[in-house]
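Engineer: Residues per chain, in single letters:
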Amino acid sequence: MKSLRRMLRDRALLTGLVIVTLLVLAAVFASPLSTFPEHVTSFDPSQRLKPPGERFWLGTDRMGADIYSRLLFGARLTILVAVVATTFAVVIGVPIGLVAGYYRNWFSDLLMRVSDVFLAVPQIVLAIAIAQTLGPAIQNVILALSVTYWPFWARLVYAETRSLRNEVFIEAAIAMGASPLRVMVLHVVPSIASSIIVRTTIGMGATILAAASLGFLGLGAPPPAPEWGRMIAESREFLPDAWWYATAPGVAILLVVMGFNLLGDGLRDVLDPRIRRGGQRGG
Amino acid sequence: MADEFLSVHDLSVSFGTEGGVARVLDQVSLSMRAGEIMGLVGESGCGKTTLARAILGVLPDNALIDSGTLTFDGADLLHAGATEHIRGRAITFVPQDPFGSFSPLFTVGDQIAELMRWKSPDRSPGERFYARARRSADMERTLALLRAVQLPEPERLLRKYPHELSGGQRQRVMIAMALLPEPKLVIADEPTTALDVTIQAQILKLLRRLATERGASVLFTTHDLGTAWEICDRVTVMYAGQEAETAEVVDFFGRPRHPYTRMLLDSLPTQGAALRGIPGEVPSPYAPPPGCRFHPRCPRATAICQDSHNAAVEPVAGHSVRCHHPHEWAAT
Amino acid sequence: MRLLALAARRCLWMPPTLLGLTLIVFSISHIIPSDPARVLAGENAPIEQVEALRRKFGLDLPLPQQFFRYVTDVVSGNMGISLYTQRPVADDLLERLPATFELAIYAMILAVLLGLPLGVVSALRRNSLLDHAVRVVTISGLAMAAFWLAILLQLLFSMKLNLTPVQGRIDGWGPDPITGFYTLDAVLRGDWEMLGSSLRYLALPVMPLAIPAMATIVRFTRAGVLNVMSSNFVFYQNAMGLPRRVVIWKYILRSALIGTLTQIGLVFGNLLAGAVVVEAVFSWPGLGTYAYNSILQSDYNAIMGFTLFTGTVFICVNLLVDIAQAVLDPRGR
Numbered sequence: 001m002k003s004l005r006r007m008l009r010d011r012a013l014l015t016g017l018v019i020v021t022l023l024v025l026a027a028v029f030a031s032p033l034s035t036f037p038e039h040v041t042s043f044d045p046s047q048r049l050k051p052p053g054e055r056f057w058l059g060t061d062r063m064g065a066d067i068y069s070r071l072l073f074g075a076r077l078t079i080l081v082a083v084v085a086t087t088f089a090v091v092i093g094v095p096i097g098l099v100a101g102y103y104r105n106w107f108s109d110l111l112m113r114v115s116d117v118f119l120a121v122p123q124i125v126l127a128i129a130i131a132q133t134l135g136p137a138i139q140n141v142i143l144a145l146s147v148t149y150w151p152f153w154a155r156l157v158y159a160e161t162r163s164l165r166n167e168v169f170i171e172a173a174i175a176m177g178a179s180p181l182r183v184m185v186l187h188v189v190p191s192i193a194s195s196i197i198v199r200t201t202i203g204m205g206a207t208i209l210a211a212a213s214l215g216f217l218g219l220g221a222p223p224p225a226p227e228w229g230r231m232i233a234e235s236r237e238f239l240p241d242a243w244w245y246a247t248a249p250g251v252a253i254l255l256v257v258m259g260f261n262l263l264g265d266g267l268r269d270v271l272d273p274r275i276r277r278g279g280q281r282g283g
Numbered sequence: 284m285a286d287e288f289l290s291v292h293d294l295s296v297s298f299g300t301e302g303g304v305a306r307v308l309d310q311v312s313l314s315m316r317a318g319e320i321m322g323l324v325g326e327s328g329c330g331k332t333t334l335a336r337a338i339l340g341v342l343p344d345n346a347l348i349d350s351g352t353l354t355f356d357g358a359d360l361l362h363a364g365a366t367e368h369i370r371g372r373a374i375t376f377v378p379q380d381p382f383g384s385f386s387p388l389f390t391v392g393d394q395i396a397e398l399m400r401w402k403s404p405d406r407s408p409g410e411r412f413y414a415r416a417r418r419s420a421d422m423e424r425t426l427a428l429l430r431a432v433q434l435p436e437p438e439r440l441l442r443k444y445p446h447e448l449s450g451g452q453r454q455r456v457m458i459a460m461a462l463l464p465e466p467k468l469v470i471a472d473e474p475t476t477a478l479d480v481t482i483q484a485q486i487l488k489l490l491r492r493l494a495t496e497r498g499a500s501v502l503f504t505t506h507d508l509g510t511a512w513e514i515c516d517r518v519t520v521m522y523a524g525q526e527a528e529t530a531e532v533v534d535f536f537g538r539p540r541h542p543y544t545r546m547l548l549d550s551l552p553t554q555g556a557a558l559r560g561i562p563g564e565v566p567s568p569y570a571p572p573p574g575c576r577f578h579p580r581c582p583r584a585t586a587i588c589q590d591s592h593n594a595a596v597e598p599v600a601g602h603s604v605r606c607h608h609p610h611e612w613a614a615t
Numbered sequence: 616m617r618l619l620a621l622a623a624r625r626c627l628w629m630p631p632t633l634l635g636l637t638l639i640v641f642s643i644s645h646i647i648p649s650d651p652a653r654v655l656a657g658e659n660a661p662i663e664q665v666e667a668l669r670r671k672f673g674l675d676l677p678l679p680q681q682f683f684r685y686v687t688d689v690v691s692g693n694m695g696i697s698l699y700t701q702r703p704v705a706d707d708l709l710e711r712l713p714a715t716f717e718l719a720i721y722a723m724i725l726a727v728l729l730g731l732p733l734g735v736v737s738a739l740r741r742n743s744l745l746d747h748a749v750r751v752v753t754i755s756g757l758a759m760a761a762f763w764l765a766i767l768l769q770l771l772f773s774m775k776l777n778l779t780p781v782q783g784r785i786d787g788w789g790p791d792p793i794t795g796f797y798t799l800d801a802v803l804r805g806d807w808e809m810l811g812s813s814l815r816y817l818a819l820p821v822m823p824l825a826i827p828a829m830a831t832i833v834r835f836t837r838a839g840v841l842n843v844m845s846s847n848f849v850f851y852q853n854a855m856g857l858p859r860r861v862v863i864w865k866y867i868l869r870s871a872l873i874g875t876l877t878q879i880g881l882v883f884g885n886l887l888a889g890a891v892v893v894e895a896v897f898s899w900p901g902l903g904t905y906a907y908n909s910i911l912q913s914d915y916n917a918i919m920g921f922t923l924f925t926g927t928v929f930i931c932v933n934l935l936v937d938i939a940q941a942v943l944d945p946r947g948r
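From first to last, the protein sequence lines stand for chains A, B and C. Here this note's numbering is used: the first residue of the first sequence is 1, the next is one more, and so on. Here this note's numbering is used: the first residue of the second sequence is 284, the next is one more, and so on. Here this note's numbering is used: the first residue of the third sequence is 616, the next is one more, and so on.
Hints were generated in silico from the structure; no laboratory data involved. Heads up, a few of these hints could be off.
[Unchecked claim] Below, computed lysine to aspartate or glutamate pairings styled on EDC-like, alpha-carbon distance capped at 16 Å: (1) A:K50 with A:D241; (2) B:K467 with B:E496; (3) B:K488 with B:E513; (4) B:K488 with B:D507; (5) C:K865 with B:D393; (6) B:K467 with B:E319; (7) C:K671 with C:D650; (8) B:K443 with C:D944; (9) C:K775 with A:D241.
None of the values given here were measured: they were computed from a predicted structure.
Work the whole structure out from these sequences, hints included.
Structural biologist: Printed below as a string of structure tokens:
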């Protein structure tokens, strides 16, 4: 209860929460909320490149489709990619970090070396190479992003597990004969869960930005999917006249990424007692 | 009183935190004479560190001084703030943590030189440059004092980084740094808690001897009654943000008058006796009991103890106790 | 001497990391596709050509043998021929490196020059109006897609206001390179007109790279300064009455900067990654535009070469940052 109250007091966290909730609502209720739900797949060439107005709230694109409606359906794609790719990255990264952090042998060194090598290439560059090899499709974007982002979780979990390994309650659990698996799942994971949650929230924002970049480069979901990054790429040949065409999807990306970042920062303040603000040493 | 050069009167300090307002010092009064070694004892959380910080003028940002006065050598420390001539010069500091109190990025010598640049006894107020003559005089003084704190090869030590020194060595350097400005008062905040038990006594005796030789007073906080007994001239005990009793060290241990002091001394392990604790718990600073904060645990408490704790009994032979129902002075 | 040994020890990690990088790129190019030769030849190539490529590049050999061959090729600087430019990929990349570096270095300089003071000041004046303003800029800077910011800037400054050129790197044909950094070349030649021209072309593409980088630097510097400010040695120095300006500008700043320095490697990686999309928007003739065109043309060798090359550059930058950090922080020695 106390932490819930603190959460609601934190303005950054609240803003993040509102934005992310709105994103989810937009994705779930894309059809009823959109003014031209059919414009995801069928178009109206007679209406192409109309500026924002009463009929088309955010204007229309080069095919005469309503940008506002396409943005709403794009939210679905964005959430799908972000959630699935991040989940995969967590599912790969967390166990690797746990095992590498719990044991101290050549195998854990090897695991960490491998993740270091992955971190040694800028993530987007690696994702571009993978997505290009696999071809433009939404499942390939997801694959490329999870393959490149898992080391972030492995590194985090590794470092936290290493420092927990010397804690008395972990040593006690081991001394009482708990199996390594039991210690990891029942003792280590609950202790580092808040760090993982924070990292995952911020990771969602990073994944969305990366996915948008892939989309912009033409490596995302193929048309006519309403992918935000691709919409911006398409708009370029109609500048400077169709300014709304480039602006609207970019604002959508900005807001959503900002939402996840704010949420993550706020959660860190609330969940992580080590860096909680206003900490006090008495005496 | 002419010889009373540090005087704390009715000092109350609160901390504003997320959980509410905590009053960590509640009408504390205390006085120190020039040249004496005074111990400030109490459990952790009793307010002794806050009192030390208040004297140094470095309370945290969320601290609020509710009332009281704090004078040192005739200067009002509370309102004028510790000036350039007082902080680091007339009053110096030995920290609790010799590990973290050095910057890891500069050599020990650089950090001592920085201190001497601003706080050397030879420095005249407002001096902007560190003249060569003063620098070499300060160097001589530093080397002499490092030898006095029994650090071998001081020239080599000055070129080392803090992490290359042991905890004991670092605390010796800290003591040297506290004495270099030739202060009148050294505040030592649990100076040996972070060290091995075996070297604690050495360091404390060193501090006592050097301070006495140089005519500096020491206000020394500790939670360990044994060390207070060993090195202090006088002792003040604090409980939950209030001072309970002040006496010469022999009287404090020999004939304590405050019920808390009694119970505290009785709780010390002695040979052949069973361990005795004090029943009850230390109150939370967020919601302390009214009046004397010890009364819920005190066997002698009556209704008047809830109203105020301000009934300081007239001191007998410098033995002051803040209690409505103290034990008789003669009782031992 | 001790520093030299340390640098040598850090350098020892280079070969295994580079080998690991090569293995990753090899896996992407040789193991993921069901038929690498087909990918290499292009979708519409006749079957004979595919088979010829397969034999030529040894794609019918067992995988370990293929990897060995790949590593020897890469070490000798052979990254294959670009399908699109019909030149060795390595030559293409080296030729375009200065353009990207010039862009990235100016972006970095701008980010550091703005980010450091802003980070320090907003930490010192915590919760002031300035701190809040800086926070808003930082949060937006980190959430913006670089290519979108690039397009908006282009739209506003080049297309609407006509203040800066829309795309390219310099007026007319590029001069014969001395260093390949046009601004530096112009200074070396004393050609001020050329300097002005190249700066005008640089101004816009630098911004979308510099802004997120600056946001990262502000964030870490601010957090670092706040962290050091609550450390015990700062408390000690305050208790001993050292002048506040000395404590802040000498002791706090130096500690905080080491923390920020560790982020420089990360920031540089982001700059390289951001360069792909930002260069594409401004047709800046660097590695990014090369990668972008290669994606459009499905120029396979070129993309793998780009990945390998960028990874190597990034590893080298991180090595330098590591060594610099060890030099500045005596505990690391």
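Engineer: Now tell me, hint by hint, if it's right for this structure.
Structural biologist: Right, here's what the structure says about each hint:
1. A:K50 with A:D241: Satisfied, since the Cα-Cα distance of roughly 10 Å is no more than 16 Å.
2. B:K467 with B:E496: holds, 12 Å
3. B:K488 with B:E513: holds, 8 Å
4. B:K488 with B:D507: Given pair K488 of chain B, D507 of chain B holds - Cα atoms ~15 Å apart, limit 16 Å.
5. C:K865 with B:D393: Measuring from Cα to Cα gives roughly 12 Å; hence the hint holds.
6. B:K467 with B:E319: holds, 10 Å
7. C:K671 with C:D650: holds, 15 Å
8. B:K443 with C:D944: Holds, because 13 Å separates the two Cα atoms, which is no more than 16 Å.
9. C:K775 with A:D241: holds, 10 Å
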